[in-house]
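Colleague: Listed here are the chains, written in short residue letters.
2 protein chains.
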Amino acid sequence: MSASPLLKDAMARIAADVASMFDALLPVPTDPRARLMEAMRYAVLGGGKRLRPLLLTAVADMYRVDRAAALRAGIAIESIHVYSLVHDDLPCMDNDAMRHGKPTAHLAFDEATAVLAGDALHDFAFEVLADTATSSDPFTRAELILTLATASGSNGMAGGQMMDIVAETSQFDLPTITRLQQLKTGALLGASVEMGAILGKVPVEGRAHLRGYARDIGLAFQIADDLLDYEGDEAAAGKALRKDAAAGKQTFVSLLGPDRAREQARMLVEQAVAHLASHGQEADLLRDIARYIVERDH
Amino acid sequence: MSASPLLKDAMARIAADVASMFDALLPVPTDPRARLMEAMRYAVLGGGKRLRPLLLTAVADMYRVDRAAALRAGIAIESIHVYSLVHDDLPCMDNDAMRHGKPTAHLAFDEATAVLAGDALHDFAFEVLADTATSSDPFTRAELILTLATASGSNGMAGGQMMDIVAETSQFDLPTITRLQQLKTGALLGASVEMGAILGKVPVEGRAHLRGYARDIGLAFQIADDLLDYEGDEAAAGKALRKDAAAGKQTFVSLLGPDRAREQARMLVEQAVAHLASHGQEADLLRDIARYIVERDH
Numbered sequence: 002m003s004a005s006p007l008l009k010d011a012m013a014r015i016a017a018d019v020a021s022m023f024d025a026l027l028p029v030p031t032d033p034r035a036r037l038m039e040a041m042r043y044a045v046l047g048g049g050k051r052l053r054p055l056l057l058t059a060v061a062d063m064y065r066v067d068r069a070a071a072l073r074a075g076i077a078i079e080s081i082h083v084y085s086l087v088h089d090d091l092p093c094m095d096n097d098a099m100r101h102g103k104p105t106a107h108l109a110f111d112e113a114t115a116v117l118a119g120d121a122l123h124d125f126a127f128e129v130l131a132d133t134a135t136s137s138d139p140f141t142r143a144e145l146i147l148t149l150a151t152a153s154g155s156n157g158m159a160g161g162q163m164m165d166i167v168a169e170t171s172q173f174d175l176p177t178i179t180r181l182q183q184l185k186t187g188a189l190l191g192a193s194v195e196m197g198a199i200l201g202k203v204p205v206e207g208r209a210h211l212r213g214y215a216r217d218i219g220l221a222f223q224i225a226d227d228l229l230d231y232e233g234d235e236a237a238a239g240k241a242l243r244k245d246a247a248a249g250k251q252t253f254v255s256l257l258g259p260d261r262a263r264e265q266a267r268m269l270v271e272q273a274v275a276h277l278a279s280h281g282q283e284a285d286l287l288r289d290i291a292r293y294i295v296e297r298d299h
Numbered sequence: 002m003s004a005s006p007l008l009k010d011a012m013a014r015i016a017a018d019v020a021s022m023f024d025a026l027l028p029v030p031t032d033p034r035a036r037l038m039e040a041m042r043y044a045v046l047g048g049g050k051r052l053r054p055l056l057l058t059a060v061a062d063m064y065r066v067d068r069a070a071a072l073r074a075g076i077a078i079e080s081i082h083v084y085s086l087v088h089d090d091l092p093c094m095d096n097d098a099m100r101h102g103k104p105t106a107h108l109a110f111d112e113a114t115a116v117l118a119g120d121a122l123h124d125f126a127f128e129v130l131a132d133t134a135t136s137s138d139p140f141t142r143a144e145l146i147l148t149l150a151t152a153s154g155s156n157g158m159a160g161g162q163m164m165d166i167v168a169e170t171s172q173f174d175l176p177t178i179t180r181l182q183q184l185k186t187g188a189l190l191g192a193s194v195e196m197g198a199i200l201g202k203v204p205v206e207g208r209a210h211l212r213g214y215a216r217d218i219g220l221a222f223q224i225a226d227d228l229l230d231y232e233g234d235e236a237a238a239g240k241a242l243r244k245d246a247a248a249g250k251q252t253f254v255s256l257l258g259p260d261r262a263r264e265q266a267r268m269l270v271e272q273a274v275a276h277l278a279s280h281g282q283e284a285d286l287l288r289d290i291a292r293y294i295v296e297r298d299h
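The listed protein sequences correspond, in order, to chains A and B.
If you read the first sequence in our numbering, its first letter stands for residue 2, the second for the next number, and so on.
If you read the second sequence in our numbering, its first letter stands for residue 2, the second for the next number, and so on.
These are calculated hints, taken from the structure and not from any lab test.
A couple of the hints might just be wrong.
Chain copies aren't distinguished; within one or between two, either way the pair holds.
[Unchecked claim] DMTMM-like cross-link-like pairs, simulated, lysine to aspartate or glutamate; straight-line CA separation at most 20 Å:
| hint | residue 1 | residue 2 |
| --- | --- | --- |
| 1 | Lys-250 | Asp-32 |
| 2 | Lys-202 | Asp-67 |
| 3 | Lys-202 | Asp-138 |
| 4 | Lys-250 | Asp-95 |
| 5 | Lys-103 | Asp-234 |
| 6 | Lys-202 | Asp-132 |
Construct the complete structure from the given sequences, taking the supplied hints into account.
Modeller: Below you can see the structure in the form of structure tokens.
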């Protein structure tokens, strides 16, 4: 663990804020829908690093965005992330039994409830963003929604997951694996940064350096994930590891070898930090997040 | 078949417009995501009455909304409807093999692809609504999105589907079955009417009669569905019937008997039409839709 004090504080704060906001926004009704909300709460309150809300609020803070508005947008992107994990863990997808050290949603509940809870969290993300409480400005709301829906759908995360399924029976080369990961993981990480900039009213032409930062940390994050999958500890990860190798699936580690992969991740982090050169200490948290991404142990 | 000439024309027109717009908006890319888009296209181009876009455009026409803007909103609500069918048909849900007379998506492709195609259509709906082409006015876009996300999520369709799963192991009474159906089917039919009114800039206080109309036809639609399930023809329906009875699930027909159920549906249609009394012939299509809903044979 190598998080800076600044990052440690920010991670603890976002974890507490995200948990209390999910708790407040997802009450359990006293009707037969209770099981659905219990499954949604189980999934969103189950832990996780809250990296996407952290990135979103870190960027928003640089532009002095109201914390409550940034947090609501962070809740939306975390809902999308969690719904995708719930569906990804299903028997017909990755068939995973553990997530954050607990049974996955379809085992804690049942498959049908897990499908529905994922679907309902998917809607919940857009409900939160479309609600007037997220931002008083409807232009901003519409831009946030378009950014998130695009990052999540067939031209983003879902497209990357489809490529990931195809990868099980195809031999992808490095450019194709890079594209797969940019969609599967990078799109949502990029949307986190972008949504912070949208809330900060940064004009599109002023976002290029933030997009560069997001692209680089997105790829570095995935290479670090592949390294953790290759040499990490299952207890620290809270989930099964070494599944890609068992499935014969190409990863950055299988294509580059662990040493070159590690070097590549470090280079991407330096590049990500370099994109922030025009910023002073207000970007220190983003710099620390970039370094943490390749040094984390889970 | 008892559609009026007015309704027949409108149904043929919306079917053609919806199909050509889906075709244009969902091109198949020449990369490994192709299979995802093929599954999305298979599901959305597979037929269906297009009742939700029909309702939306019928209301929008009453208020002289631009046809292209109304159609895009109709595409969004149809995407939500179709995604829910794809997930509903999954083995862990209703385990259905036929839909619109064709193999369901998870049989035509595979389960993982069907889950992802549903998820991607879910996003696609919000992408379409958030896009500036849907409406040049961001207030309207945000209101459309909030209406659709609410109707689709845990307080709407997904909540109703959860109740439907619980119904398999519980004995629900008539008020609970009514609530279940208002969520499962009624919420999205209601959103269709509401979104037409939003595009038509009808103020909230001027929508009460349209909401009453939508509530009544939503319930009538479900009773008619239960009657078709009870006494209909599988070939005309293009799907398996009499599954509720086999599962011992309560329906309007099991609770009321077929005669009282039919009478109730007819009464609801009269009530729906009465809500439109303040309108002249511009509401004739809505009146014809209400009557068709209980007289259709599939």
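Colleague: If a hint holds in the structure, say so; if it does not, say that too.
Modeller: Going through the hints against the structure:
1. With identical chains, the CA atoms of Lys-250 and Asp-32 are at most 20 Å apart between copies only, with a shortest distance of 18 Å across copies and 44 Å within one.
2. For the homomeric pair Lys-202 and Asp-67, the shortest alpha-carbon distance inside one copy (12 Å) is at most 20 Å, but the shortest distance between copies (31 Å) is not.
3. For a Cα distance limit of 20 Å, the shortest separation of Lys-202 from Asp-138 qualifies both inside one copy, at 11 Å, and across copies, at 19 Å.
4. Taking identical chains as interchangeable, the C-alpha atoms of Lys-250 and Asp-95 lie at most 20 Å apart only when both belong to the same chain, with a minimum of 13 Å there against 32 Å between chains.
5. For the homomeric pair Lys-103 and Asp-234, the shortest alpha-carbon distance inside one copy (16 Å) is at most 20 Å, but the shortest distance between copies (47 Å) is not.
6. In the homo-oligomer, the alpha carbons of Lys-202 and Asp-132 lie at most 20 Å apart both inside one protomer (18 Å) and across protomers (18 Å), since each shortest distance falls under that limit.
The structure agrees with every numbered hint stated previously.
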